[in-house]
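Those protein sequence lines, which keep their order, are chains A and B. Counted the way my numbering counts, the first sequence spans residues 1 to 274. Counted the way my numbering counts, the second sequence spans residues 1 to 219.
There's no promise every hint is true.
To be verified - The calculated DSS-like cross-link candidates involving lysine-lysine, where the alpha carbons are at most 27 angstroms apart (straight line), are:
no., chain 1, residue 1, chain 2, residue 2
1, B, Lys181, B, Lys18
2, A, Lys261, A, Lys51
3, B, Lys46, A, Lys98
4, A, Lys162, B, Lys213
5, A, Lys143, B, Lys46
6, A, Lys140, A, Lys89
7, B, Lys130, A, Lys140
8, B, Lys46, B, Lys130
9, A, Lys162, A, Lys141
10, B, Lys159, B, Lys181
11, A, Lys162, A, Lys140
12, A, Lys266, A, Lys44
13, A, Lys141, A, Lys107
14, B, Lys130, A, Lys85
15, A, Lys143, A, Lys107
16, A, Lys107, A, Lys52
17, A, Lys107, B, Lys130
18, A, Lys44, A, Lys261
19, B, Lys130, A, Lys141
20, A, Lys85, A, Lys98
21, A, Lys98, B, Lys130
22, A, Lys85, A, Lys52
23, A, Lys51, A, Lys107
24, B, Lys130, A, Lys143
25, B, Lys159, B, Lys18
26, B, Lys212, B, Lys159
27, A, Lys85, A, Lys44
28, A, Lys143, A, Lys89
29, B, Lys159, A, Lys162
Unchecked claim - Simulated DEER-style distance windows between Cβ atoms:
no., chain 1, residue 1, chain 2, residue 2, range
30, A, Gly251, B, Leu32, 46 to 56 angstroms
31, A, Gly251, B, Leu117, 33 to 43 angstroms
32, A, Gly251, B, Gln113, 42 to 52 angstroms
33, A, Gly251, B, Thr129, 33 to 43 angstroms
To be verified - Chain B stretches covered by chain A per the calculated footprint, using a threshold of three residues with CB under 8 angstroms from any CB of chain A:
no., segment
34, 108 to 121
35, 133 to 145
36, 211 to 218
Quick caveat, the hints were computed from the structure, so don't treat them as lab data. Fair warning: this is a prediction, and the values are worked out from it, not measured in the lab. Note that CB positions come from ideal geometry on N, CA and C, so glycine has one too.
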Amino acid sequence: MDGAERKKDHGELKKMSAENTKENNIALEVTGISKAFGSTVVLKNVDFSLKKGEAISIIGSSGSGKTTLLRCLNFLETPDTGIIKVNGKVLLDASEMKSLSDEEIRKRRLHFGMVFQQFNLFPQYTALENVMLAPVLVDKKNKHDARSRAVELLSVMGLSDKTDRYPHELSGGQQQRVAIARALAMDPDILCFDEPTSALDPELTGEVLSVIRDLSSRHTTMIIVTHEMSFARDVSHQVLFMDSGIILERGTPDEVFGNPKEERTKAFLGSIDS
Amino acid sequence: MFQTVTISLLQGFGETLKLFLLTLVFALPLGLFISFGSMSRFRPLKLLVRFIVWVVRGTPLMLQLIIIYYGPGIFLGRNLWGSNDEGRFLAALAAFSVNYACYFSEIYRGGIQSIPLGQYEAGYVLGMTKGQIFREIVLLQVIKRIVPPMSNEIITLVKDTSLARVIAVYEIIWNGQSFIKSAGIIWPLFYTGVFYLAFSGLLSVLFTGIEKKLSYFRC
Numbered sequence: 001m002d003g004a005e006r007k008k009d010h011g012e013l014k015k016m017s018a019e020n021t022k023e024n025n026i027a028l029e030v031t032g033i034s035k036a037f038g039s040t041v042v043l044k045n046v047d048f049s050l051k052k053g054e055a056i057s058i059i060g061s062s063g064s065g066k067t068t069l070l071r072c073l074n075f076l077e078t079p080d081t082g083i084i085k086v087n088g089k090v091l092l093d094a095s096e097m098k099s100l101s102d103e104e105i106r107k108r109r110l111h112f113g114m115v116f117q118q119f120n121l122f123p124q125y126t127a128l129e130n131v132m133l134a135p136v137l138v139d140k141k142n143k144h145d146a147r148s149r150a151v152e153l154l155s156v157m158g159l160s161d162k163t164d165r166y167p168h169e170l171s172g173g174q175q176q177r178v179a180i181a182r183a184l185a186m187d188p189d190i191l192c193f194d195e196p197t198s199a200l201d202p203e204l205t206g207e208v209l210s211v212i213r214d215l216s217s218r219h220t221t222m223i224i225v226t227h228e229m230s231f232a233r234d235v236s237h238q239v240l241f242m243d244s245g246i247i248l249e250r251g252t253p254d255e256v257f258g259n260p261k262e263e264r265t266k267a268f269l270g271s272i273d274s
Numbered sequence: 001m002f003q004t005v006t007i008s009l010l011q012g013f014g015e016t017l018k019l020f021l022l023t024l025v026f027a028l029p030l031g032l033f034i035s036f037g038s039m040s041r042f043r044p045l046k047l048l049v050r051f052i053v054w055v056v057r058g059t060p061l062m063l064q065l066i067i068i069y070y071g072p073g074i075f076l077g078r079n080l081w082g083s084n085d086e087g088r089f090l091a092a093l094a095a096f097s098v099n100y101a102c103y104f105s106e107i108y109r110g111g112i113q114s115i116p117l118g119q120y121e122a123g124y125v126l127g128m129t130k131g132q133i134f135r136e137i138v139l140l141q142v143i144k145r146i147v148p149p150m151s152n153e154i155i156t157l158v159k160d161t162s163l164a165r166v167i168a169v170y171e172i173i174w175n176g177q178s179f180i181k182s183a184g185i186i187w188p189l190f191y192t193g194v195f196y197l198a199f200s201g202l203l204s205v206l207f208t209g210i211e212k213k214l215s216y217f218r219c
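Assemble the whole structure, with the sequences as input and the hints as a guide.
So this is what it looks like as C-alpha cells:
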C-alpha cells in the first residue's frame, strides 16, 4: 500500500468512526482507574474509551502516568480502583482482582498485546522463534502452523530475510519490528505500544513508525504512548494528554495539537519539536 | 618404584574423583533450592537461608569437615557415620555437598537476578506461566551467565577435595604422603600435583567448549 492510498484509507476510517458512535463497536472502556505506589499517586481516576479499528495516542511528559496506564491494561500492574471493559465485557475490576487465579489473569491479559520500549526480545531465539514461541507454548498451536503464521507476520514487518537472525544480529528498528510481530502472533484485540521508538537511534525510528502506520491503516486497534508528536497527530483518531496522573486534555489530533486549551498542554507541546 | 607410586596415586585419585563427582551430583541441585530460598518472599525463610549461607561460607571447609564427622559423636553421643572408610567418605561428601551448594547458590542467585525484568514481562504479556518463563526464557540465559563463575568454583572443588584427608579419606594426597613414612621419599607428594593439573586442564577445555556452544546469542 503506498502513502497516498494509506492516507485516503485513514481519512475514510476517521469519517466512518465519527458517524458510528454507538456502543457495539467500542473495543475498550476504561473507567476510574487509580494507582498509587506507596504515597505517590500515579494515576487519578482515569477514564477513556476506544473504538474498534481506532488508534489512540497518549502523550505527556515522563512521570505523567502514561506507561503505568498501559501496564495496568496488560495486568503488569494492578490498579487500586477502576474497571476495564473489553468488547463490552468486564476484563478487570480492581475490587475483584484478589480473587482472580493466575490462569484467569493469563487468559485475560491476552486481549492486549504489548510492545515495549526496550523490545525485550528473547536473545536465545531467532526472530522466527521469538514470534512462534507463545503461539506454541500458550495457544498449543502446532509448530507448522505457528511457523507459517510467524513467517507471514515477519514478512508484513518487512523482515522476510531476517527470520533466522538472532536479536543481537538485528538493528534496534528490526528488533522492534520483530517484537511487534511477536505481539501480533497472539491475535490481541488491542495492541499497546510503550514508547516504541524511544530506545532507537533517530535514523531507525522511521521504519518502526511506518509499520505502525501500516497497522493503523489495516484498522488495528491500538494504544500508542509516544513522544513522536507529528506521528501521533498523523496516525491517531484520538489524543490524550496526561499530566500528573490525570488526562488533562483529550480530543482529535487537530483539537489537541492545533488548538490546545490547557496551559500545561501548550507548554508541553511548545517544549517539544514536532 | 615409579610404577608402584603411580598405581597408588591413581587409586587415590579415583577416590578424589569419586568425591568430586558425587559432590557435584548433590551440590548442583541443592544449590538451586538454596538460591530459591535466599530469594524467597517469605522473610523468615529468606533470613534463615541467608544465615546458613553466611555461616557455611564464613568458616573454613576443613573445620566443617571435622565438625560434621566428629560432631554427632560428641554432641549426640552416637557416631552417625560409622568409623570405617565408607563412613568417613560419607561425612566428607556431606560436608562438601553443603559447602559447595552454598557457594553455587550465590552464583545461581546472581545469575537469576541479573536477568532483566523485561524478559519476564515479555513472557507474561504473551500469556506464559511462571514455569514456562523460567524454563523456556530465563534458564538458558542464566546458564550462559553463570558458566564462567561456575567453572571457577568447580575447578576449585577439584583441589579442595584434598581437605578430606583431615578425616582420613584416602584420596590422592593421603596416598602420596604415605610414601614419606613407608619409603622415605617425598617426590610422590609432589607428583600428585600432575594429576590435579591434568584434570583441571581437562575441565577448563570442557568449560571453554560450553562457553563456545552458548556463544550463538548474547544476553
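Legend entry - Hint numbers not upheld by this structure, sorted from lowest to highest: Of the numbered hints, 5, 28, 29 do not hold.
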